[in-house]
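K.L.:
Going line by line, the protein sequences match chains G and C.
Be aware that the first sequence starts at 1, since it is given in my numbering, and climbs by one per residue.
Be aware that the second sequence starts at 1001, since it is given in my numbering, and climbs by one per residue.
Everything labelled a hint here was simulated from the structure, so no lab data went into it.
Glycine included, every Cβ here is placed at the ideal spot set by N, Cα and C.
Here are some chain C residues the structure puts well away from chain G; computed CB gaps all over 10 angstroms:
#1 Ile1007
#2 Asp1018
#3 Ser1029
#4 Phe1033
Label pairs and their calculated CB-CB ranges:
#5 C:Gly1102 to G:Gln12: 25 to 33 angstroms
#6 C:Arg1010 to G:Leu16: 38 to 46 angstroms
#7 G:Pro134 to C:Arg1039: 32 to 40 angstroms
#8 G:Arg119 to C:Ala1016: 57 to 65 angstroms
#9 C:Gln1014 to G:Asp9: 44 to 52 angstroms
#10 G:Ala126 to C:Val1011: 45 to 53 angstroms
#11 G:Asp9 to C:Arg1060: 27 to 35 angstroms
#12 C:Val1011 to G:Arg128: 46 to 54 angstroms
#13 G:Ser113 to C:Glu1068: 27 to 35 angstroms
#14 G:Ala15 to C:Ser1008: 44 to 52 angstroms
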Amino acid sequence: MKLYADEPDADQVRALSELVTARLARVEVPAAVWRKHRASELSAEHAAALIRAFEVDWLGLPSRAGRFAVVALTDRVLNDAAGLCATEGLRGYDAVQLASAAAARAADPSCGSLACFDRDLRQASARRGFTLIPAG
Amino acid sequence: MLAMRQISLRVPEQLADDLRRAALDRGTSLNSFATTTLRAAVDPDFSGDEAERLRARLRRAGLLWEPEGVAPDPPTDEELGRARAAAGRGTPLSELVSEGRGSR
Chain G
1 MKLYADEPDA DQVRALSELV TARLARVEVP AAVWRKHRAS ELSAEHAAAL
51 IRAFEVDWLG LPSRAGRFAV VALTDRVLND AAGLCATEGL RGYDAVQLAS
101 AAAARAADPS CGSLACFDRD LRQASARRGF TLIPAG
Chain C
1001 MLAMRQISLR VPEQLADDLR RAALDRGTSL NSFATTTLRA AVDPDFSGDE
1051 AERLRARLRR AGLLWEPEGV APDPPTDEEL GRARAAAGRG TPLSELVSEG
1101 RGSR
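Could you build all of it, start to finish, from the sequences and the hints given here?
P.N.:
Set out below in C-alpha cells:
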C-alpha cells in the first residue's frame, strides 16, 4: 500500500527493487483505496489515479513487465495458510499473505524480507524468520 | 570437461542476422552468445536480471501467477504525485487493508 500513499516508510518500500505479492492483493489494494474514498478521505479522481497506477504495476505495459511477481493461490499455499490460522492465530487473509511469502522464500531464498504493517502479521512473520520492513 | 553436442536450428534470416549482430556488439562469437541466451531460457540462475531470475524461480516452483489483461493508461507523474499525497492524509491505506480483513 505504501507504493500508493505518501505515508511513513513509503520511501523504504518504494526503494525495493523486486516486489513479490500474494494474488489477494489484486482485490485488497483497490478495496482499501475505494474504502478511503467512501470515508470521504480521498476524491474519486485521486482514487481512480491510484487504481490505474496499481493496475499498471500489476499487469505491466507492452514496454515493460509488471512491478510485482505474483504468488499464485495454490493448494499448498492455502493449506499452509490454514495451518497458520491455527499456529499463529492469524486472520484468514493475513495467513494467506504469510503463507505466500513463505512459499516464495522456499522457491527463492532471497525473498527473506516482508513489508507489512499489521501488528499480528508482523509478529508472526518475525517468528517465521522474515526480516521486517520497516524494521523494529 | 563439459560434454558438448551440436544442434542445428532453422531460424528466419532476419533473426540470424540479428543474432550475429548482437554477438558482435558483445564482442563474442555467435555460438557463445546463443549458448548463453539458450541457457538463460531454461536456467533461472543465468537469466538477465534479478527480477526475471526471481520470476523464473517462482515459475519453476509452480508459484508464479501470470496476470492477464491489458493495463489502463498510467496516470501522469503529476496525477500520481497528487493522488499519493492525498492518500497519505487521514487513515493509512495499510490500516484500511487490515480492517478489510475482518475482526481478530
